[in-house]
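Could you build the full structure based on these sequences and the hints that come with them?
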Amino acid sequence: MSEQLRAIGLVKTFTLHNQGGLRLPVLAGIDLAVAAGECVALHGPSGVGKSTLLRALYGNYLVTRGHILVRHDDQVIDVSTAPPHLVLEVRQRTMGFVSQFLRVIPRIATLDLVAEPLRRLGVDAAAARERAGRLLDRLAIPRRLWELPPANFSGGEQQRVNIARGLVAEYPILLLDEPTAALDSANRDAVAELIDAARRSGAAIIGIFHDRAVREAVGTRIVEIPSAGVVA
Amino acid sequence: MSELSLNDVGYDAEEPPLLQVSRLCKRFGPQIVCADVSFALWPGEVLGVVGESGSGKTTLLNCVSTRLEPDSGRIEFRLRDGRIAQLSEMSEPARRMLMRTDWGFVHQNPRDGLRLGLSAGANIGERLMEVGSRHYGEIRGAAADWLAKVEIEIDRIDDPPRVFSGGMQQRLQIARNLVSRPRIVLMDEPTGGLDVSVQARLLDLLRGLCTELGLAALVVTHDLGVARLLAHRLMVMQGGAIVEAGLTDQVLDDPQHPYTQLLVASMLQ
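These protein sequence lines are chains D and V, in that order.
The letter at position 203 of the first sequence is residue 260 when you use the working numbering, and the numbering goes up by one with no holes.
The letter at position 109 of the second sequence is residue 1291 when you use the working numbering, and the numbering goes up by one with no holes.
No lab work stands behind these hints, which were simulated from the structure alone.
In this text the structure is predicted, and so the values were computed from the model without any measurement.
Each residue gets a CB set at the ideal place from its N, CA and C atoms; glycine is no exception.
Errors might be hidden in some of the hints.
[What the hints assert, rightly or not] Far from chain D, by Cβ distances over 10 Å, these chain V residues were calculated:
1) Glu1335
2) His1439
3) Gln1443
[Unchecked claim] Here are the computed distance ranges between Cβ atoms for each label pair:
4) V:Ala1423 with D:Gly212: 41 to 47 Å
5) V:Ala1326 with D:Phe158: 39 to 45 Å
6) V:Glu1197 with D:Arg200: 40 to 46 Å
7) V:Glu1333 with D:Arg200: 25 to 31 Å
8) V:Asp1435 with D:Gly86: 20 to 26 Å
9) D:Ala254 with V:Glu1197: 36 to 42 Å
Now the structure itself:
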């Protein structure tokens, strides 16, 4: 299958100017390639930089050195050097990110929040809401909650809304940061099933799955993230 | 061609920006308020300008909108026919016409951008008449449409904004600015001075309108939460200079400059 994302020699060092210029090396030269239909589970102890890697791949963190190549339509984009508008375009059409926590937008109903990525792709409102609703049904979000903003939902409900929002547009590349952390076993299984379905229909997935059952259910390959060493 | 290679990296040429500001400088006496500021704004893009009070944000906005004359630097705007106009070289009437047709300016204080004695409908209609509309029925129809868009009850159309709440006044000011379909809108602290629930409503409205109309917007705010919700890109100003710029979430989540790190660390969670 064709490669969708390739990281070359990724280095990320944080410099904390307000703490005397403290330098925190987190990633020290990561190479990683992911093909369509693959789900790579990142592995390594807490604090080793797994989330940092995902955020760097998404362009949320600036890399100190290295390249992030992404197949975007028929072009190859280097996220580490692409102009901002192009990174936004890659996020809109090619690469989705599911973080651990939902960022609630005031006043926006759950159904619209989930439908929003489709609306941005030009899908009309009715069709987008219908697809969003199907996902919310599968994730067992009660219909009476759909018209409410998720600000007051439980942690598990918010996480499922977040997953629905991340999966609804069927991006060719998916980055998942602990998508099942706050879920009970039934919901966890439903999420694992959705992730696996996305992979089988051709998505290239990179994820952090602390839960072993989930990791075994969705992962096709495990990649160890080496420690960048002690704080300098 | 299944493996990705650095050699294949390439993208289509970018479309030209709508607004290009180059090396803009402005002093007030010995005080430098804009120090060599350069940036570009593309159609459909919301660019946020953040920084503490006195960092030069509002002066920059006022220079860009030609309400203040910069000491040096260029401000270029792409006209509807594709030609590039340098604002300082346009004749005064041509510039005023351009400001009325293609530009909008939303003031922090709605009283600076509205005519408080006129009715709400007339405030919206006036802008249309400035750009040549004469048909009373059409103007009133457009005013009614825009009141609905900004969520003001239609039966308030004949009331003067003097009797509106601050949030309603701000929404009316936005309607007055957008009714003539400008291509770029400059906003100075559009949610400043409003209480939080009213802010959320206004932000939601602005987000929707910018997307729907494909507007380019330059938004000055000191509120990083507002910037995160509204802006695609951010510029951080300190002492009149842009010290950092980038994608909004990148600047806020992985700030590089000491001042930006301080700003983000000081934010209430």
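Hints and how they fare:
no., hint, in the structure
1, Glu1335, "holds, 18 Å"
2, His1439, "violated, 8 Å"
3, Gln1443, "violated, 5 Å"
4, V:Ala1423 with D:Gly212: 41 to 47 Å, "holds, 42 Å"
5, V:Ala1326 with D:Phe158: 39 to 45 Å, "holds, 41 Å"
6, V:Glu1197 with D:Arg200: 40 to 46 Å, "holds, 43 Å"
7, V:Glu1333 with D:Arg200: 25 to 31 Å, "holds, 26 Å"
8, V:Asp1435 with D:Gly86: 20 to 26 Å, "holds, 22 Å"
9, D:Ala254 with V:Glu1197: 36 to 42 Å, "holds, 37 Å"
Hints 2 and 3 from the list above are not met by this structure, while the remaining hints are.
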